[in-house]
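Number of protein chains: 2
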Amino acid sequence: MPQPLKRYFPILQWAKTYDRQILGADLMAAVIVTIMLIPQSLAYALLAGLPPEVGLYASILPLVAYAIFGTSRVLAVGPVAVVSLMTAAALGNLALQGTTEYLIAAITLAFMSGVMLTLMGLLRLGFLANFLSHPVIAGFITASGILIATSQLKHILGITAHGHTLPELLTSLMAHLPETNLYTVTLGATALAFLFWTRKGLKPFLLKLGVTPRLADVITKAGPVAAVAATTLSAYTFDLAEKGVAIVGTVPTGLPPLSAPSFSPDLWSQLFLAALLISIIGFVESVSVAQTLAAKRRQRIDPDQELIGLGTSNIASAISGGYPVTGGFARSVVNFDAGAQTPAAGAFTAIGIAGAALFLTPLLFFLPKATLAATIIVAVLSLVDLSILRHAWGYSRVDFAAVATTIALTLGLGVEVGVSAGVILSIALHLYKTSRPHVAEVGLVPGTQHFRNILRHKVKTAPHLVTLRIDESLYFANARFLEDYVYDRVVCDQPITDVVLMASAVNEIDMSALESLEAINSRLKELNIRLHFSEVKGPVMDRLKRSHFLDDLNGEIFLAQYDAWTKLSNSDTSQAA
Amino acid sequence: MPQPLKRYFPILQWAKTYDRQILGADLMAAVIVTIMLIPQSLAYALLAGLPPEVGLYASILPLVAYAIFGTSRVLAVGPVAVVSLMTAAALGNLALQGTTEYLIAAITLAFMSGVMLTLMGLLRLGFLANFLSHPVIAGFITASGILIATSQLKHILGITAHGHTLPELLTSLMAHLPETNLYTVTLGATALAFLFWTRKGLKPFLLKLGVTPRLADVITKAGPVAAVAATTLSAYTFDLAEKGVAIVGTVPTGLPPLSAPSFSPDLWSQLFLAALLISIIGFVESVSVAQTLAAKRRQRIDPDQELIGLGTSNIASAISGGYPVTGGFARSVVNFDAGAQTPAAGAFTAIGIAGAALFLTPLLFFLPKATLAATIIVAVLSLVDLSILRHAWGYSRVDFAAVATTIALTLGLGVEVGVSAGVILSIALHLYKTSRPHVAEVGLVPGTQHFRNILRHKVKTAPHLVTLRIDESLYFANARFLEDYVYDRVVCDQPITDVVLMASAVNEIDMSALESLEAINSRLKELNIRLHFSEVKGPVMDRLKRSHFLDDLNGEIFLAQYDAWTKLSNSDTSQAA
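If you read the sequences in order, they're chains P and R. Residue numbering for the first sequence is 1 to 577, as defined by UniProt numbering. Residue numbering for the second sequence is 1 to 577, as defined by UniProt numbering.
Heads up, some of the hints might be wrong.
A pair holds if it fits inside one copy or across any two, identical chains being indistinguishable in the list.
[Said to hold, decoys possible] In silico lysine to aspartate or glutamate, DMTMM-like type, Cα no more than 25 Å apart, as pairs:
hint: 1; residue 1: 296; residue 2: 266
hint: 2; residue 1: 460; residue 2: 542
hint: 3; residue 1: 460; residue 2: 563
hint: 4; residue 1: 243; residue 2: 217
hint: 5; residue 1: 296; residue 2: 416
Hints are computed from structural coordinates only; laboratory data are not their basis.
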């Protein structure tokens with residue numbers, strides 16, 4: 001089989017060893033994920049401001065596309081909370097919820113995100129995701145969880161409220177609080193309490209009753225389905241819709257319709273940034289789940305091919321009436337725990353959801369929206385982890401600043417501003433740190449050939465010899481800093497005849513830094529001080545050889561710092577004697 | 001004297017030792033700089049699209065302000081070519097040249113730039129200038145020189161032409177070429193030829209005639225003044241204005257008027273980016289001249305105080321009818337060579353220019369604009385140095401990309417786009433490089449305690465022990481790369497029991513990287529491989545101690561790589577025996 005075919009169609013790798021045993025495992029996992037996905041897909045569509053059937057549509061074709069193009073064996077693709085929130089934020093300014101324009105914009109967003117992800121995959125730009133640092137992602141997910149949970153409170157209370165930021169949401173909720181519907185809030189609070197209990201208390205309870213752990217797991221996962229069934233039944237029995245409880249209403253029956261995105265340049269330019277952020281956030285979330293789960297089974301995933309897998313999933317979503325999708329954390333873990341062996345499990349899940357779209361939608365008529373809101377709140381509160389603030393504070397102020405800013409701006413100004421600011425701040429703080437590098441004056445650790453900071457260790461030094469270890473690559477941002485540092489160090493001390501720059505931590509010297517080194521060399525020459533280097537790395541030395549710097553150098557290059565010490569400190573001892 | 005007073009008013013440091021001898025030197029330098037500055041200030045005002053007297057105004061109060069607040073002893077502040085070009089580019093879209101609005105916008109630009117520079121100085125943000133890498137600056141200056149020289153060709157040809165980019169300028173020049181005025185082109189070409197000759201050929205000629213080098217220098221510097229005098233005289237004698245030669249016309253006589261910037265929020269937001277770029281480019285140009293000249297006399301300049309010096313100069317320019325100024329390269333070198341000892345030389349120059357504004361302006365009526373254009377062209381062509389492209393190509397492709405992009409975009413899309421793109425590209429390329437760090441597998445250089453790359457040196461290794469030297473700080477952009485690298489290295493080789501990460505080049509481990517190290521540690525643990533570290537630096541170790549990482553670490557921390565080798569390779573030998 002030709003290599004490119006294998007690379008771009010990972011299905012060809014696992015399909016040839018597919019057997020009855022793997023089929024059994026995949027089918028079992030698919031059943032459990034389907035049970036979990038039906039209420040989730042309806043709820044996340046609601047969160048995105050879309051009709052509930054759109055959530056089902058986004059859980060069919062995209063899963064098939066990922067089964068063909070994805071490299072993770074267990075990633076469960078579909079609607080997820082954070083991306084649904086970002087979709088709502090992106091579309092909220094463009095069109096009113098419930099209009100055709102809103103739906104078309106959602107489809108277009110999925111298509112744009114799909115094209116972007118696929119292109120990034122083909123161009124092998126997977127590394128770009130690395131510029132979202134862990135603290136920024138952690139802060140963003142936490143803040144998104146808080147925003148999502150708050151945004152769903154209106155459904156629990158049975159009131160209307162709007163807003164894409166925490167202050168907006170809270171103000172709106174407070175203003176409409178007097179309109180709270182008692183039937184809705186009773187039903188919503190009961191559903192919430194039940195779901196929290198199934199998540200925390202049900203499994204220990206079942207185990208105590210003697211149920212096998214495996215079965216207890218499946219029953220626990222079915223909690224949301226039970227809540228959906230029970231509340232739908234009560235809404236039907238007690239005619240709660242008449243009493244002001246919002247219900248889902250008519251959900252069209254049938255397979256996803258064929259759909260097409262808009263190609264309006266106006267719409268594309270309005271959605272561009274949102275599509276880019278959704279693509280990157282979705283990819284980062286998905287790839288880290290996939291990597292974590294792959295490592296547990298000693299499998300590998302290919303980030304660039306993952307981009308293609310998620311990209312084609314989103315394009316598949318766009319042509320089948322769906323909205324942006326990605327790999328979900330909770331769902332993938334369930335899929336993994338349930339024993340899914342190949343992406344075929346995802347395709348079987350798609351068949352399950354298609355069955356639901358064909359046969360179950362009439363049953364959803366009386367489903368209260370408060371129940372869906374309760375499933376969302378319970379799901380997203382597990383994402384909220386403010387301890388990241390404490391950890392970051394303890395480890396580094398810079399990381400703390402990035403997390404705190406991301407959380408504050410996401411809550412205060414919305415998801416797009418929050419995550420953009422987090423990325424920019426991470427990069428800016430990193431550049432700031434490297435622009436003022438740590439420089440240590442080092443001496444010989446007695447009895448070794450090892451050199452350490454004179455301020456931290458008891459080391460030998462020679463009065464006329466200064467050895468500076470530069471703890472940073474030399475590039476434009478810190479070139480001038482070094483110039484000043486060396487100059488300051490040598491002018492304040494009289495008997496210095498030799499300066500050694502220990503370059504063991506210098507991984508790069510760019511042209512700006514080279515000019516600074518030339519300036520240092522010529523200044524020291526005027527002061528009758530020789531400039532030496534030690535432990536210059538191979539790649540850096542290669543580059544220096546291509547310039548004139550080594551010809552003009554007023555000193556030597558030593559392979560090891562110990563060689564420099566032996567030669568330069570000895571000559572001193574003899575001078576001193 | 002209180003320290004802050006001394007810091008913010010460098011004049012207090014040099015004024016107390018001022019004596020008659022220094023006065024003599026400063027006066028001599030001031031005379032030479034004044035002679036050079038009169039035609040330059042008129043010409044650069046023309047380049048900025050402003051009336052000629054504005055150039056004179058910008059050469060009076062700003063020099064006095066710099067003498068009080070600046071730290072360089074020899075920097076000559078005033079209108080310079082690149083900043084004049086940037087001023088023209090910024091104002092060209094706002095108002096028509098010659099209108100009051102245009103002049104007020106120029107004054108406002110100087111004021112905004114002055115406020116920005118002063119604030120940056122007070123906040124000690126001088127390091128920000130470091131993010132303009134040398135190649136970007138070199139490329140920008142070269143491209144600006146080409147743009148400026150091209151923009152002045154219209155005055156030499158006596159035609160009208162417009163544009164802020166090379167294609168615009170060339171198209172416009174070609175379109176109007178048939179309107180060339182023969183008198184103008186004759187006069188302009190003669191002036192050009194004469195000025196080139198005074199720059200290159202006059203000094204050797206005078207020396208051959210037996211003139212002292214000192215006098216030859218002064219005569220050479222007076223070349224532009226001679227050209228101005230001769231062409232003004234011919235314009236007057238032959239009534240060239242009647243024949244279509246553009247002349248300067250009435251220049252108001254008198255000292256600079258008191259002026260005030262506009263405080264319209266609209267204008268401020270339109271000029272914001274331009275003011276910021278002018279401030280940064282002006283500062284970088286100025287501070288590098290100042291540093292170079294200070295080093296020659298073993299003096300120091302303080303970049304943060306320089307920001308205040310240039311900031312107050314620009315504010316002084318704004319309140320006295322001027323436009324943005326900065327320290328000029330050629331003029332400062334002349335000031336230095338002429339023997340200026342203190343910034344008082346600048347103040348004396350200001351008096352000279354004030355004298356010119358009071359008494360000489362009537363003589364400028366017949367001065368042909370072509371002469372001024374010729375002085376500009378000769379001055380800026382010395383800035384054009386395309387050899388930077390060749391040097392950068394030879395040294396590093398990354399630096400080359402930054403230079404080439406800056407030059408291409410400055411010429412093709414204008415100064416603001418060019419320099420912004422250069423800065424962004426420098427940073428992006430730097431991040432890209434650090435996101436894929438160099439990792440070397442190292443072994444012991446026999447007979448030493450030194451470890452080098454196994455691919456470049458003959459070194460000793462042990463089969464069960466892998467030592468990886470990571471040549472980069474570990475941070476969010478490369479955290480995942482390391483995870484993959486270590487994993488790939490250990491799964492392909494069977495007998496590995498120990499991995500040592502040699503951290504001599506790791507200057508930082510941020511939270512993202514810490515999480516990656518934790519992931520590496522737990523994965524290796526599952527594979528029964530121990531993970532060790534060696535040569536971890538003090539600041540990095542301090543931070544690791546604040547996390548749980550060291551408690552969970554499945555191996556040891558060695559002070560020196562040689563200690564790790566001694567312990568881990570010996571245990572192998574005994575195993576092998």
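Evaluation of the provided hints:
1. 296 with 266: Neither: 46 Å inside a chain and 59 Å across chains, both beyond 25 Å.
2. 460 with 542: Between copies only: 23 Å across chains, 32 Å inside a chain, cut-off 25 Å.
3. 460 with 563: Cα proximity of residue 460 and residue 563: in one copy and across copies (15 Å, 19 Å).
4. 243 with 217: neither (36 Å within a copy, 98 Å between copies)
5. 296 with 416: Intra 33 Å, inter 51 Å, cutoff 25 Å: neither.
Figure legend: structure checked against the earlier numbered hints; hints not met, in rising order: 1, 4 and 5.
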